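> Sequence:
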Amino acid sequence: MFAGELIAACGDTLLLITPAAELIEAIDIGYDLEAAPTGIGINTSGLWLKSDDGAYAVDLNSLTFTLSTEAVNAVDWAVPGRHGDTIHAALEKASFGKGVSLTQMLLDLHSGRFFGKLGTAGMDMVAVLLILLASSGVWVWTTKPGRFRRKHSREKY
Numbered sequence: 301m302f303a304g305e306l307i308a309a310c311g312d313t314l315l316l317i318t319p320a321a322e323l324i325e326a327i328d329i330g331y332d333l334e335a336a337p338t339g340i341g342i343n344t345s346g347l348w349l350k351s352d353d354g355a356y357a358v359d360l361n362s363l364t365f366t367l368s369t370e371a372v373n374a375v376d377w378a379v380p381g382r383h384g385d386t387i388h389a390a391l392e393k394a395s396f397g398k399g400v401s402l403t404q405m406l407l408d409l410h411s412g413r414f415f416g417k418l419g420t421a422g423m424d425m426v427a428v429l430l431i432l433l434a435s436s437g438v439w440v441w442t443t444k445p446g447r448f449r450r451k452h453s454r455e456k457y
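Its first residue numbered 301, the sequence shown is counted upward by one per residue in the working numbering.
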């Protein structure tokens with residue numbers, strides 16, 4: 301916990317999370333660091349990231365990472381570990397949410413994504429067939445003999 305926020309380093313991303321497990325920001329750190337981070341820690345001066353090429357001081361306000369040339373002392377490095385079963389169950393429940401809404405299911409069904417890549421290809425084929433059907437109908441209608449001939453009106457006596 302740093303400044304009231306949970307901070308996690310996952311691959312090339314630094315995650316800022318509220319204590320209520322809401323994502324504040326995901327910061328891509330792959331461009332700013334020479335090597336992938338191998339550790340995260342804090343001391344009295346702030347937040348630190350450790351990588352194979354050294355330790356970086358992290359400034360969350362300006363989102364900058366400064367490589368420290370001096371030895372980093374008194375950094376409390378986080379130790380990777382496995383969380384308990386209760387936390388795992390809570391995370392699993394939160395990650396799945398409440399399920400897929402009816403609207404999303406209908407949109408996926410309509411676009412073909414409900415059936416995977418084959419479904420989207422199938423819906424594309426149906427769209428092409430409908431365009432061909434409509435085009436052939438317009439062609440038949442316009443080429444009907446006498447379609448554009450002027451009709452004479454008869455006078456009734």
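There may be inaccurate statements among the hints.
[Said to hold, decoys possible] Label pairs and their computed distance ranges (CB to CB):
1. L315 to L432: 43 to 53 Å
2. L391 to V438: 16 to 26 Å
3. T420 to K393: 46 to 56 Å
4. E392 to V440: 54 to 64 Å
[As the list claims (entries may be wrong)] Each computed SDA-like pair below joins lysine to any residue, with the alpha-carbon atoms no more than 20 Å apart:
5. K350 to G339
6. K393 to A320
7. K350 to D312
8. K393 to V379
9. K393 to T318
10. K350 to A308
No lab work stands behind these hints, which were simulated from the structure alone.
Computed from a predicted structure; not experimentally measured.
Beta carbons: idealized from backbone N, C-alpha and C, even for Gly.
> For every hint, state whether the structure bears it out.
Going through the hints against the structure:
1. L315 to L432: 43 to 53 Å: holds, 50 Å
2. L391 to V438: 16 to 26 Å: Roughly 57 Å apart at Cβ, these two residues miss the hinted range, so it is violated.
3. T420 to K393: 46 to 56 Å: violated, 31 Å
4. E392 to V440: 54 to 64 Å: holds, 58 Å
5. K350 to G339: holds, 5 Å
6. K393 to A320: This hinted pair holds, its Cα atoms lying about 14 Å apart.
7. K350 to D312: holds, 12 Å
8. K393 to V379: violated, 25 Å
9. K393 to T318: Judged against 20 Å, a Cα distance of about 17 Å means the pair holds.
10. K350 to A308: holds, 13 Å
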